[in-house]
Amino acid sequence: MKTDLISATDLTLKDIEDYLELAGRVDAAPRDSLVGLLKGRILMVMFYEPSTRTRLSFESAMARLGGSTIGFSETSTTSVAKGETLSDTVLTAECYSDVIVIRHPKEGAARLAASTASIPVINAGDGTNQHPTQTLLDLFTIRKLLGKLDGLKIALAGDLKYGRTVHSLIQALMMFKGNRFVLVSPPTLRLPEYLLAEARAKGLDFAETTDLKAAIGSSDIVYMTRIQKERFPDILEYEKVKDAFCIDAAMVRNAADTLRILHPLPRVSEISTDVDRLPQAAYFPQVYNGVVMRQAILLKLLGVKL
Amino acid sequence: MSDVKQEKMLLIPKIERGFVIDHIPVGMGIRVLEILTAEPGMKDVVTTVGLNYSSRRLGRKDMVKIVSDEIPARAAEILALVSPGITIKHIRNFQVDEKLVVAPPAEILGHVKCRNPNCITNNERGMRTHFKATRRDPHLYRCVFCERVFPLSELEMTVS
Chain A
1 MKTDLISATD LTLKDIEDYL ELAGRVDAAP RDSLVGLLKG RILMVMFYEP
51 STRTRLSFES AMARLGGSTI GFSETSTTSV AKGETLSDTV LTAECYSDVI
101 VIRHPKEGAA RLAASTASIP VINAGDGTNQ HPTQTLLDLF TIRKLLGKLD
151 GLKIALAGDL KYGRTVHSLI QALMMFKGNR FVLVSPPTLR LPEYLLAEAR
201 AKGLDFAETT DLKAAIGSSD IVYMTRIQKE RFPDILEYEK VKDAFCIDAA
251 MVRNAADTLR ILHPLPRVSE ISTDVDRLPQ AAYFPQVYNG VVMRQAILLK
301 LLGVKL
Chain B
307 MSDVKQEKML LIPKIERGFV IDHIPVGMGI RVLEILTAEP GMKDVVTTVG
357 LNYSSRRLGR KDMVKIVSDE IPARAAEILA LVSPGITIKH IRNFQVDEKL
407 VVAPPAEILG HVKCRNPNCI TNNERGMRTH FKATRRDPHL YRCVFCERVF
457 PLSELEMTVS
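Protein sequences appear in the order of chains A and B.
Each residue of the first sequence is one higher than the one before, starting from 1 at the first, in this note's numbering.
Each residue of the second sequence is one higher than the one before, starting from 307 at the first, in this note's numbering.
If you're looking for bench data, these hints aren't it; they were derived computationally from the structure.
All C-beta atoms, glycine included, are put in the ideal place defined by N, C-alpha and C.
Just to be clear, a hint being listed does not mean it is correct.
[Stated by the list, open to error] Listed below are the simulated DSS-like cross-link pairs for lysine-lysine, each with C-alpha atoms no more than 30 Å apart in a straight line:
#	chain 1	residue 1	chain 2	residue 2
1	B	K419	A	K82
2	A	K2	B	K438
3	A	K144	A	K213
4	A	K177	B	K438
[Said to hold, decoys possible] Pair ranges (Cβ atoms, derived):
#	chain 1	residue 1	chain 2	residue 2	range
5	A	K148	B	L415	39 to 45 Å
6	A	E74	B	G416	48 to 54 Å
7	A	M251	B	P423	57 to 63 Å
8	A	L278	B	P390	56 to 62 Å
Required output: the full structure, derived from the provided sequences and hints.
Dropping the structure here:
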């Protein structure tokens, strides 16, 4: 039976451990030893939305394992522009490839693709819903940095309403014992009610605040996300909140040395560039870990042992 | 015989065989009839509809009686969504032979629309929705595709 990777909610603790353990072995392996593992295999990238990091890191992961990549990263030159259904595109794509990675603006699109295709499907983001490969690489990064995934105080900051990376990550971190969460956002960009209800139902220790500075001072991890101007119906509202959700070097210098700052990137102004050289900045190592984790995901879903 | 039972006997006669759909919330009787008679082969069955009866449990209630050997499975599924809590009594020889209180299903395939306009089920031609129950009382359902959770009462029916 094929395995897909569609949502953090599908993953058990054992699944997460398996992905993290495999990524650890990929990370430790000499690069040359990996290059023949997916020789002759083809990855289909179906990106209905723009992406730099996710698409390139999947392409890089596939190339480092000796496989090749085909696909599209915008739909204007494909049959999608002619009105083809997603199901038909998937049924076509599976004839050309061994594994599909899909990003789509509609929530649930990856689930539909997985239920249609006979080959493994990976969700690289579906609307505001899920981004499980980002979640796994975030978990891998946190464990690599702090040595554990439980008993942590984690501040999730910025756009918690539309940021799918946050939605997937909080659902995965809820599975580990003793984690406490500080949700830092403007009131209009709070975590959606359905996720807050889930957190409450699980008896999770979480607090909502607009005070980023205090959250930085008391957390093990600050997971920063970008506040997008286009999310605000009134531009004046955006101008009011954007500066309140920026991290600069002065704020970080007052924080613990053990604090680590993550960001799914791209950033605009929410983390000042003077933070980049501080030991707390971990977002570029996080990018590197993205390739490692995606190599692990491709190996696992294609059933190739390392 | 209680006054309530006497009133029912006078207004809605007993049937020899068929089904009594009882404890229908008042105002829903006609909707239940429409659902039943929309199924193939059900258009011509003999039916009796009673509206606004006194009910100990509901205060007022509607009731539908049909002379038929079965209730189509699809109609039963839809009734469970439209009006959970109704009672279906199978009548044989004027007696109640079996009684079933209709409960909302663990899963809903089709019949209702996802409320999230950005859900793929509202954007892909010919796609069937799929919900799974996450909680009872109130009945909550999670869309298998977009993962949003909605109360059953807020899910719009797609069947007439």
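query: Does the Cβ-Cβ separation between M251(A) and P423(B) fall within 57 to 63 Å?
result: Violated - the Cβ-Cβ distance for M251(A) and P423(B), about 39 Å, lies outside 57 to 63 Å.
- request: Look at the Cβ atoms of E74(A) and G416(B) and judge whether their distance stays inside 48 to 54 Å.
  value: violated, 33 Å
Given pair status - K82(A), K419(B), alpha carbons within 30 Å: Holds: K419(B) and K82(A) sit about 26 Å apart, inside 30 Å.
field: 39 to 45 Å as the expected CB spacing between L415(B) and K148(A), which holds or is violated
entry: Given range 39 to 45 Å: holds, Cβ gap about 42 Å.
- prompt: Does the hinted range 56 to 62 Å hold for L278(A) and P390(B) at CB?
  reply: Holds, at about 57 Å.
Hint consistency between K177(A) and K438(B) [alpha-carbon to alpha-carbon, up to 30 Å]: Holds - the C-alpha atoms of K438(B) and K177(A) are around 27 Å apart, at most 30 Å.
message: Holds or violated: K144(A) and K213(A), Cα atoms, limit 30 Å.
response: holds, 25 Å
Holds or violated: K2(A) to K438(B), with C-alpha atoms at most 30 Å apart: Roughly 22 Å separates the two Cα atoms, so the pair holds.
The earlier numbered hints that this structure contradicts are 6, 7.
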